[in-house]
Amino acid sequence: GAVVSQHPSRVICKSGTSVKIECRSLDFQATTMFWYRQFPKQSLMLMATSNEGSKATYEQGVEKDKFLINHASLTLSTLTVTSAHPEDSSFYICSARGPGGSRVDTQYFGPGTRLTVL
Amino acid sequence: AQSVAQPEDQVNVAEGNPLTVKCTYSVSGNPYLFWYVQYPNRGLQFLLKYITGDNLVKGSYGFEAEFNKSQTSFHLKKPSALVSDSALYFCAVRDMTGGFKTIFGAGTRLFVKA
Chain L
5 GAVVSQHPSR
15 VICKSGTSVK
25 IECRSLDFQA
35 TTMFWYRQFP
45 KQSLMLMATS
55 NEGSKATYEQ
65 GVEKDKFLIN
75 HASLTLSTLT
85 VTSAHPEDSS
95 FYICSARGPG
105 GSRVDTQYFG
115 PGTRLTVL
Chain R
53 AQSVAQPEDQ
63 VNVAEGNPLT
73 VKCTYSVSGN
83 PYLFWYVQYP
93 NRGLQFLLKY
103 ITGDNLVKGS
113 YGFEAEFNKS
123 QTSFHLKKPS
133 ALVSDSALYF
143 CAVRDMTGGF
153 KTIFGAGTRL
163 FVKA
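Heads up: the protein sequence lines correspond to chains L and R, in order.
Take 5 as the starting number for the first sequence in this note's numbering and just add one per residue.
Take 53 as the starting number for the second sequence in this note's numbering and just add one per residue.
The hints are simulated quantities; they were obtained by calculation from the structure and are not laboratory data.
Please read these numbers as outputs of a predicted model, since none were measured by experiment.
Here are a few chain L residues that sit away from chain R, every Cβ distance over 12 Å (derived from the structure): (1) I16; (2) K24; (3) S77; (4) L78; (5) L80; (6) T86; (7) T120.
Derived DEER-like restraints, expressed as beta-carbon distance ranges: (8) S47/L <-> T72/R: 15 to 23 Å; (9) I103/R <-> Q64/L: 17 to 25 Å; (10) N64/R <-> F95/L: 19 to 27 Å.
Each residue gets a CB set at the ideal place from its N, CA and C atoms; glycine is no exception.
So here's chain L without its partners, still in its complex pose:
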């Protein structure tokens, strides 16, 4: 099946620094990618939806300037957490959806990135 990778799998950074997380679709072209955040209580929050070559659409309540999303190619999307603070510590998960057709609703998820901000 389709594979989505994330890098890094874990990152620890100091408060005030920026962290970039990469999401790659390894064997298909992803016209749309999604970024989620999973809280310690295990609930998930959709942060934003990005389409290749255009600006990301952020969910209500998500700070656009805080979480910068770039979808520069059909196989790569990046999430940058700017000026990270301890409350940004979380598990970030990306998901990719392929181009049209009957499988358009199938999303493939990356393994997630654990961010810890000290």
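Following the hints, position chain R against chain L.
Frame of chain L; chain R shown alone:
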């Protein structure tokens, strides 16, 4: 306001028995409804989705879900549980009438005993 409730933190079922994982929702318009599964040490997997049409939606791994508009429910079901079905299940709803908010339930952990 939109909301999704998974009233059970945990569901226990014996292998071979039918399973149900409950989900109820509240949205202002017509919803898109989803089920996802998270296996231990593995990424999230999309199971199924309801947009419109037949109220019974069939998904991956033998799962299905029934959309009930009057009860605002979208319960996940499987006729015969497998031990390998043990995982964390999430229900999600997206209100397509305004904004782009997708709400996830808190998750239900399913344990299937051999």
